[in-house]
Amino acid sequence: MHRTGSVEASFLTGANATFIAELYQRYLDDPASVDPSWVGLFKELMEDPAALAREVKGPSWGRTDRKVIGSVDPDAPPAPKKKPDAAKDAAPVAGGLSEQDVRARVLDSIRVLMMIRTYRVRGHLMAALDPLQIQGPVPHPELDYRTYGFTEADLDREIFIDNVLGLEKAKLRDIIALVQKTYCSTIGVEFMHIQDPDQKAWIQKRIEGSRNETEFSALGKRTILERLCQAEGFEKFLQVKYTGTKRFGLEGGEATIPAIEQILKRGSQLGVEDVVIGMAHRGRLNILTNIMHKPYRAMFSEFQGNSANPDDVQGSGDVKYHLGTSVDREFDGKTVHLSLQPNPSHLETVDPVVLGKVRARQTQIGDTERVRVLGLLIHGDAAFSGQGVVAECFGMSQLKGYRTGGTIHLVINNQIGFTTSPQYSRSGTYCTEIAKMVQAPILHVNGDDPEAVLHAARVAIEYRQAFKADVVLDIVCYRRQGHNESDEPAFTQPTMYKKIGGHTTTRQMYAAKLVQDGVMTAEEAEEVYAAFQRHLEKEFEAANSYKPNKADWLESRWKGLTWLSGEEEFREYDTQVSLEDLQKVGKALYTPPQNFDVNRKILRQLKAKEEMFATGKDFDWGTGEALAFGTLVLEGHPVRLSGQDCGRGTFSQRHSVLVDQTSENTYAPLNNIDPKQAHYEVLDSPLSEYGVLGYEFGYSLAEPNGLTLWEAQFGDFANGAQIIFDQYISSSESKWLRMSGLVVLLPHGFEGQGPEHSSARPERYLQLCAEDNMQVCNLTTPANYYHALRRQVRRNFRKPLIIMTPKSLLRHKLAVSDLADFGPGSSFKRVIGETAALKPDAQIRRVVLCTGKVYYDLLQARQDKGIDDVALVRVEQLYPWPKDSVKAVLAQYPNADVVWCQEEPANGGYWTFVKLRLDFIIEELGHKSGKALYVGRPASASPATGSYKKHNAEQALLTDQALTYATADLPQPFTRASKLG
29 MHRTGSVEAS FLTGANATFI AELYQRYLDD PASVDPSWVG LFKELMEDPA
79 ALAREVKGPS WGRTDRKVIG SVDPDAPPAP KKKPDAAKDA APVAGGLSEQ
129 DVRARVLDSI RVLMMIRTYR VRGHLMAALD PLQIQGPVPH PELDYRTYGF
179 TEADLDREIF IDNVLGLEKA KLRDIIALVQ KTYCSTIGVE FMHIQDPDQK
229 AWIQKRIEGS RNETEFSALG KRTILERLCQ AEGFEKFLQV KYTGTKRFGL
279 EGGEATIPAI EQILKRGSQL GVEDVVIGMA HRGRLNILTN IMHKPYRAMF
329 SEFQGNSANP DDVQGSGDVK YHLGTSVDRE FDGKTVHLSL QPNPSHLETV
379 DPVVLGKVRA RQTQIGDTER VRVLGLLIHG DAAFSGQGVV AECFGMSQLK
429 GYRTGGTIHL VINNQIGFTT SPQYSRSGTY CTEIAKMVQA PILHVNGDDP
479 EAVLHAARVA IEYRQAFKAD VVLDIVCYRR QGHNESDEPA FTQPTMYKKI
529 GGHTTTRQMY AAKLVQDGVM TAEEAEEVYA AFQRHLEKEF EAANSYKPNK
579 ADWLESRWKG LTWLSGEEEF REYDTQVSLE DLQKVGKALY TPPQNFDVNR
629 KILRQLKAKE EMFATGKDFD WGTGEALAFG TLVLEGHPVR LSGQDCGRGT
679 FSQRHSVLVD QTSENTYAPL NNIDPKQAHY EVLDSPLSEY GVLGYEFGYS
729 LAEPNGLTLW EAQFGDFANG AQIIFDQYIS SSESKWLRMS GLVVLLPHGF
779 EGQGPEHSSA RPERYLQLCA EDNMQVCNLT TPANYYHALR RQVRRNFRKP
829 LIIMTPKSLL RHKLAVSDLA DFGPGSSFKR VIGETAALKP DAQIRRVVLC
879 TGKVYYDLLQ ARQDKGIDDV ALVRVEQLYP WPKDSVKAVL AQYPNADVVW
929 CQEEPANGGY WTFVKLRLDF IIEELGHKSG KALYVGRPAS ASPATGSYKK
979 HNAEQALLTD QALTYATADL PQPFTRASKL G
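Under my numbering, think of the first position of the sequence shown as 29, with each following residue one higher.
Hints in this document: simulated from the structure, not taken from any laboratory. Model, not experiment: these values are computed from the prediction. Just so it is clear, CB atoms sit at the ideal spot from N, CA and C, and this is done for glycine as well. Possibly wrong hints are sitting among the right ones.
[Claimed, not checked] Here are the computed lysine to any residue pairs in the SDA-like style, where the Cα-Cα straight-line distance is at most 20 Å:
hint, residue 1, residue 2
1, LYS199, GLN223
2, LYS209, LYS541
3, LYS911, GLU596
4, LYS269, GLU596
5, LYS464, THR448
6, LYS269, GLU567
7, LYS293, THR179
8, LYS264, GLU567
9, LYS249, LEU589
10, LYS541, GLU567
11, LYS566, LEU266
12, LYS541, THR363
13, LYS587, ASN733
14, LYS763, LEU589
15, LYS293, GLU490
16, LYS464, LEU266
17, LYS841, LEU589
18, LYS841, PHE825
[As the list claims (entries may be wrong)] Computed Cβ-Cβ distance ranges for the label pairs, DEER-style:
hint, residue 1, residue 2, range
19, GLY164, GLN467, 23 to 31 Å
20, LYS541, ALA696, 26 to 34 Å
21, GLY588, GLY164, 57 to 65 Å
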C-alpha cells in the first residue's frame, strides 16, 4: 500500500507515532525485519537513520546489548516467573537511561521528523503568498505540533534531529520557527512529489541550507530597487502620456523584471549564452524596454502611431504588445544573446515555438549538454492552467528529439483571468498543478517581496542547470489595471479592486524597507525613481524625430537570404542532381549493414529499390522522397522530419529507420551516405499536433539552411493545430518579418476511408493564401515531390510549403518516375499538361483540370472508355497560382470546354479558390468556353461518406461526368436555394 519514500504525510501524525517509533527501532536493529516501504520513509526522514540509535542508546562505552523495545532477547536466560513489577519500566538500560526514557526520546525524534517532513510536503499551504491578503493561509492541522502528541510544555525541550535542519539538537519551539521560516514565509515550495531522489534532495538542501532566503548586499538591494523603479516608472509614464491606450501593463507584477534579470545574470555564471523568451502580451512592453533594451524612444514612437520598421519594409505589421526583438546583454563580462519571440493574442501558442527554436540553436552549436541555450516561458495564471498546449509542451520536455534541457516557466500570477476568478477557472489549488505531470519543482512566491522573488528565481535557474529539467516560478501578484487600461475591473471583482486601489506599490514598500534597514535614505530612494522619470522625459522628446533605420530580420544565420519579390511563377531554381550523387544515395538506401537482421518484407523492398537504381525506372513515392532527403544532407543541409509514426510512415511507405529483428538496434540509411554529410533526423512524435507543429515551426525559424518537416498521421488531424497555421505559418512574415521554410505533409485522398481519413481540408489552407505568403501543392509524381522539397532550401528566400501527400498513390503502378526525372535537366513543374497521344489540339472537346490523386482515376476511366478527345491537365501547385502556366495550357485547346474536376465536395477542395482565377484566364484568352465548370461531389457537411459502396459510386459518377457528360448536363453547385431558405 505504501510506496518507498512516498508515505502520505497525513499518516505521519501523532496517533501513529508510537507505532512508527517501534517500527523504527526494529529497523535500526535489522533493516530486513521491516517492510521495504518503511525503509524508504526512514531514509527520507533523516540522512543517517542509525544516528538516532546511537543517540538514544548512550555513549559507545556504555552497554551495547540493547534490544528493540518489545522484542525477545535470544541471549537472555529465561526470566523467573514473578509478579509484575511496577518499577520495571524505570529500570536503567543505556547510559543511565531507563527503558521509558529511551522510548520517549525515540518517540520525540520520530514525531519531530514526521512534522518536519509534513512541512516539506504541506508548508506551502501556510505560506504568505497573496500580496493582497484577500484569502490568507488557513491553518492546517498537519502543520500543528499538537497533532504529533506535543503540548505547550514540550516547546522548550531539546530534541535530537541529527542535523536534519542543520541542527543536531534543538528546542521544539526553535524547530517550529525554523520550518515555518523555511516553508511558510513568502515562498512556498512544492517538491516532495519529485520521484528522483537527487533532484528532491537538491531542492531540500538548497532551501533548508539557506533558510530559503538570499542575503543581498547593500549594492544588490539598491539594484533591486532600481529595477523596480524602471518597471513601475515605465508603466506610470505611459499611463500619464497615453491614458487609456491599451498596453497590457505589468503594474502589480513589477518584481518580474528583477526576477528575469536574476535568471539571466545567474544563468550566465552557470554557462548560459543564449536565452529564447516567449510570453503573452501582459508586461511585454516593459520586458521589451527594461530587459531587451529596446530604446524607450522607439517605444514612444510606436505609441504615436509610427511603424516599428523602416518605410521600405512591407507587411501588415502588428500591435506593439505582440512584437519581439533580440539583443546581446552583458552580465559581469559574459555576453548573453536574448531573443523575445513575437506572438499573437492566442495565449500560450508561443510556447512550443520557443522550445523548437531552443532545440535548433542547441543543435547548431553542438550544445549536447543543453546548458548554453535556455528557454524562458512567461505565462499568465489562467492560461497556464487553461490552455492544453502547456501540457503538450511538458509532455515533450524529456523526449529524445524534443528535449531542451529544461525550461524555466515564470508565471505572472495576477490571480485572475480577464474577469474570471481562480475558483471558476481551475480545479486545483494552484494554477501550476499541470507542472507536476513532469515532477517539476514549483516555487510560489509573494510578488511584493522582491528579495524572495529573486531568491526563488536564483534557485530556479540553478536547478535547471543542475538537472536539465523544467522548473516553475510562480510569482503571485495582482493586476492593478483591468484586463487592459480601458477596462473597468470593478464590474466583476469589486472586493479585489478595492484592495488594489489602496495597496502600496512593490517599489514603495521595498524602498521603505531599505530606508528602515539603513541601506539608503528616503531622499535617496525617491531620487532613484525621479532620475528615471527624467530619463523617460528625454526619451519622450526624442521620439518625435525617431526613425527606425533597420528591420529586425535576415540577421545571423539568415544573412544572404532575401524576401520574395516579383512573380513567384517566373522564378526557377536549380534542384537537379548529378546521376552519380543519386546513385550514391541509392546505394545507401538499399544496402543494409552487415550482420543486421532485416525484416524479410523490408528486405524485399530494399531489393526492389536496388532494381530501380539498376534500371532507372519505376521510382515510387517513398524512394523519391528519400532521394530528396539524401541529396540535401549530401549537400550539407540537415533534414529534420517529425510527426506521428514518421520513421516507418503511417502507410508503411518510408522505413527510414530499419529495426534489427533480433536486437531491435536501429539503422538510418540516410545517415550513412558519406562521412561529411549533414544529419538526417526522423522522429516519431508524441500524439500531439498543436504542440509538435508549433515546435517544428520554431525549429524552422532558427534553421533556414536545413529542411524541417512535420507530417500529420492523416491530413485532417492537422486541424488540431489550426492556431499554428492561422497565427504563425500563414502570417508570421507579414506580421513579424519572420520567415519559415517549414514543410507540412498532409496525407489526403478520397479512397472510401470515411469522413475522418479522406480530406486534409485543402480549402482551409488556400483560404489563408495571399501575398505569396506560402505554397500549397497536391503533387502527382515522385519526381515533382522531390523537386518541391529540394527547392525549399535551394532558393534564396523561405516560404512554408503545405503538401497534400498521397495514400494510395504511394504504391500506384502509374505514380512513378524515372531516374532521369531527378537528374540533370529536371526541375519542378507547377503544371503538368497532357502526356498522352490524343486527337489534334483543335479537336479536343474538353480540358479537365485537376490536382492530386483524382488525376489517376480520370486517366484510368478515360482509358477504359477509349476516349481520346479529353485532355487532362494537372495543377501541381495551387498557390502561388501558376496563372501563366495554366493560361498556356488552355491556349492549346481553343475549342474545348474547361472543367475543373475534384473528388472533394464543392464547399471543400479547390473549386471556390480556382473558379474566379480560371474565369479570369478564360476571359483574357477570349476562350470559347466562356467560364469554367465544376465536376465533383456536391457540397456536403461531412467531407466524405462512411460507406465504401457509396464512395465508389460517387467516384465513378464524377469521373463519368468529367469525361462524357455534355456541358449543359453538368450540375453546378450553389445554384439552388438552400433548404434553410
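A quick look at each hint next to the structure:
A distance of roughly 31 Å separates the Cα atoms of LYS199 and GLN223; the hinted pair therefore is violated under the 20 Å criterion. With a CA separation close to 19 Å, the supplied pair LYS209 and LYS541 stays within the 20 Å bound. The hinted pair formed by LYS911 and GLU596 meets the criterion: a straight-line CA distance of about 11 Å does not exceed 20 Å. Between LYS269 and GLU596, the direct Cα distance comes to roughly 45 Å. Violation of the 20 Å bound is thereby established for this hinted pair.
For the suggested pair LYS464 and THR448, the alpha carbons sit about 24 Å apart, so the restraint of at most 20 Å is broken. Annotation: proposed proximity of LYS269 to GLU567 holds, straight-line Cα distance about 12 Å (limit 20 Å). For a cut-off of 20 Å, the pair hint linking LYS293 to THR179 is broken: about 47 Å separates their Cα positions. Of the supplied pair hints, the one linking LYS264 and GLU567 holds, its CA atoms being roughly 15 Å apart against a limit of 20 Å.
Simply put, LYS249 and LEU589 have alpha-carbon atoms about 46 Å apart, too far for the 20 Å limit, and the pair is violated. Distance check on the hinted pair: LYS541 and GLU567 sit about 30 Å apart at the alpha-carbon level, beyond 20 Å; violated. For a cut-off of 20 Å, the pair hint linking LYS566 to LEU266 stands: about 14 Å separates their Cα positions. For the hint linking LYS541 to THR363, the alpha-carbon distance of about 33 Å lies beyond 20 Å, and the restraint is violated.
Distance check on the hinted pair: LYS587 and ASN733 sit about 11 Å apart at the alpha-carbon level, within 20 Å; holds. Note on LYS763 and LEU589: the hinted pairing holds, with a Cα-Cα distance of about 19 Å set against a maximum of 20 Å. At most 20 Å may separate the alpha-carbon atoms for a hinted pair to count; LYS293 and GLU490 meet this at roughly 11 Å. A threshold of 20 Å between alpha carbons decides the hint, and for LYS464 with LEU266 the separation of about 38 Å lies outside it, so the pair is violated.
Between LYS841 and LEU589, the direct Cα distance comes to roughly 40 Å. Violation of the 20 Å bound is thereby established for this hinted pair. Of the pairs offered as hints, the one joining LYS841 and PHE825 is violated, with about 36 Å between alpha carbons and a cut-off of 20 Å exceeded. For GLY164 paired with GLN467, a C-beta distance near 29 Å keeps the hint of 23 to 31 Å intact. The supplied range of 26 to 34 Å is broken by LYS541 and ALA696, whose beta-carbon atoms lie about 60 Å from each other.
One distance hint, 57 to 65 Å for the beta-carbon pair GLY588 and GLY164, holds here, with the actual separation near 60 Å.
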